[in-house]
Amino acid sequence: METMGSKDKNSIVNANEVKPSTTSVSALPVEIVNLILEQLEKDNRGEITDIYNWLLALGDSNPGASRRIREQVAIWKLGKSESQILNILEIENGTNCLEQGVTDVPLRCSQLAVFIDNEWLNSDVVEEMLIVPPNIKVNLIYMCSPHRKSLQWLHGRLNAKIKNWPCLSVLVQEFPINAVYAPAEFELLTHRYFEQQLFENLVFFNVEKLVLQEDSLRNFLETCGSEKGSGNKFVSSTQMSANLRSYLNMRISLPHLIKLEFQDKNKKESLNYIDLNSIVRTKIGTNAFTLTDYFKVHSFSTWHMPSILRFSGHQFIYDQQETGIPEWRALIIKSGNGALSHMNVSLFPKGVKESKMIGWLPIDELLEKGRNSYSPLICLRSPSIETLHLGLSMWKKAGNIKLSGLYLPNLKRLTVSGSGAWPDYQAKSGIDELFLVTFSSWNDLSKCNSLKCCRLMRTSTVLSIQNLKEELPALETSKFRAYVDDRQEYIPVD
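Read in order, the letters of the sequence shown are residues -19 to 474 in my numbering.
Heads up, a few of these hints could be off.
[To be verified] Result set (PhoX-like, lysine-lysine): computed pairs, CA atoms no more than 25 angstroms apart in a straight line:
(1) LYS143 with LYS129
(2) LYS129 with LYS57
(3) LYS57 with LYS143
(4) LYS392 with LYS427
(5) LYS377 with LYS432
(6) LYS276 with LYS189
(7) LYS333 with LYS247
(8) LYS333 with LYS432
(9) LYS245 with LYS129
[To be verified] For each label pair, taking beta carbons as the anchor points, the in silico distance ranges come out as:
(10) LEU15 with THR218: 43 to 49 angstroms
(11) THR218 with SER103: 36 to 42 angstroms
(12) PRO453 with ARG47: 49 to 55 angstroms
What the hints contain is simulated information worked out from the structure, not anything from laboratory work. Ideal Cβ positions, reconstructed from N, Cα and C, are used throughout, including at glycine.
Could you put together the complete structure from these sequences and hints?
Shown next, in the form of structure tokens:
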């Protein structure tokens, strides 16, 4: 069960109330405003929160346009709690609120908003579902309380309270303004949520920070294609693969989310684990899920987070060195990736400005025994990220380290460190050895003007000045503390 309230319960925390940021459209030509209105009137595929945002943007600049937008929404108000969403959607005299006894939703509408709260859910009142034309989208707006129940409980209670409730509906969970949502378990990353058809799409409204457990995605994917059950109940591998498909087809929206954070068991900030091990390779090889779907889940590609700026990051987990990487390379080629020997992935949600990537694998001929070592295993593509901490996975005690696969055209600040060693990593010997770190042509770091490179595994580490000038053209090498003059070939790092 998920709970909300105090920080001790690790759930929802109210921050100081601030007004949502809006963009005024008062300067738009009347023709453009009319086109927007016509689109809103004809299209019910958008979210009701889109209508909310348009009304905020219009403000008091165009009362006629605002009224036309509000008339697209019929409000069936069953709960009595105060709602920020309804305060914006309601027409001043309440003419778009359905009166008691009304059985039909007006044909002029494109959206129906059904508002409920826990007080209504716990009452004895039972309603008959309204007659809703097929062109009208049904939205359930649920005012969450400090004692929020599970989505399964909510869905079951809703079906008991409203006869003939439609299964294909959008759930908008309204939280306190600037909420921090830290559930003990995120239901949408459990297979039991998909054992029955609950809600078509979900919106977490007003949540500015979402906290997930570091192994949430890992555990969800681990059970796909396995014979593990949900609790004590047997769930077939076919059903679990179908659950994954349902998850990827669902739209999860957090319109106000600024930070997505992962935590460990001690509630300290951590990273999302991405397994690149033999178990995952076997699942992909036996079609439990595809390689593309695997990275889609880890990239949050089906989540709508237009306001996100910060993301804790990822950590790659390996279990084999000599055979693991070549086998992943072969699997990528076999997966129908256009015969490419590398995988193009985003991994960072669209819009993220700052994050970490730990366990990144540089190119190395010894690691792959000369096979396809000219290209990176993974090409990371993110047009929004500006600050990145890159932790390298170390597998040797010294030598050349070639960084590749970083297609980050707007990256400005890069920190490189050694994040950890392979299981069979050999510690540094007594001989004075060093790492030479270079960047290959398999990168787009054209705007990177700040590079901090830490010593790798406590071994002396140097950078090539000529390589930096070629691959990081915006970087001023003269600003390095150990820089002397242009005749210098290498820069030692601290």
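Hint by hint, here is what the structure shows:
With a C-alpha separation of about 21 angstroms, the suggested pair LYS143 and LYS129 falls inside the 25 angstroms cut-off, and the hint holds. This hinted pair checks out: LYS129 and LYS57 have alpha carbons roughly 20 angstroms apart, not beyond 25 angstroms. Among the hinted pairs, LYS57 with LYS143 is consistent with the structure: their alpha-carbon atoms are about 16 angstroms apart, no more than 25 angstroms. Taking the CA atoms of LYS392 and LYS427, the gap is about 6 angstroms. The hint holds against a cut of 25 angstroms.
Proximity of LYS377 to LYS432 is assessed by CA-CA distance (about 21 angstroms); at most 25 angstroms being required, the pair is judged to hold. Proximity of LYS276 to LYS189 is assessed by CA-CA distance (about 21 angstroms); at most 25 angstroms being required, the pair is judged to hold. Simply put, LYS333 and LYS247 have alpha-carbon atoms about 23 angstroms apart, close enough for the 25 angstroms limit, and the pair holds. Pair hint LYS333 plus LYS432 holds up; C-alpha atoms about 18 angstroms apart against a cutoff of 25 angstroms.
Using a Cα cut-off of 25 angstroms, the hinted pair LYS245 and LYS129 holds, with the two alpha carbons roughly 22 angstroms apart. Separation of LEU15 from THR218 is about 47 angstroms and conforms to the stated range, judged on CB atoms against 43 to 49 angstroms. In this structure the supplied range 36 to 42 angstroms holds for THR218 paired with SER103, their Cβ-Cβ distance being about 41 angstroms. For the pair PRO453 and ARG47, the beta carbons lie near 54 angstroms from each other, so the given range of 49 to 55 angstroms is met.
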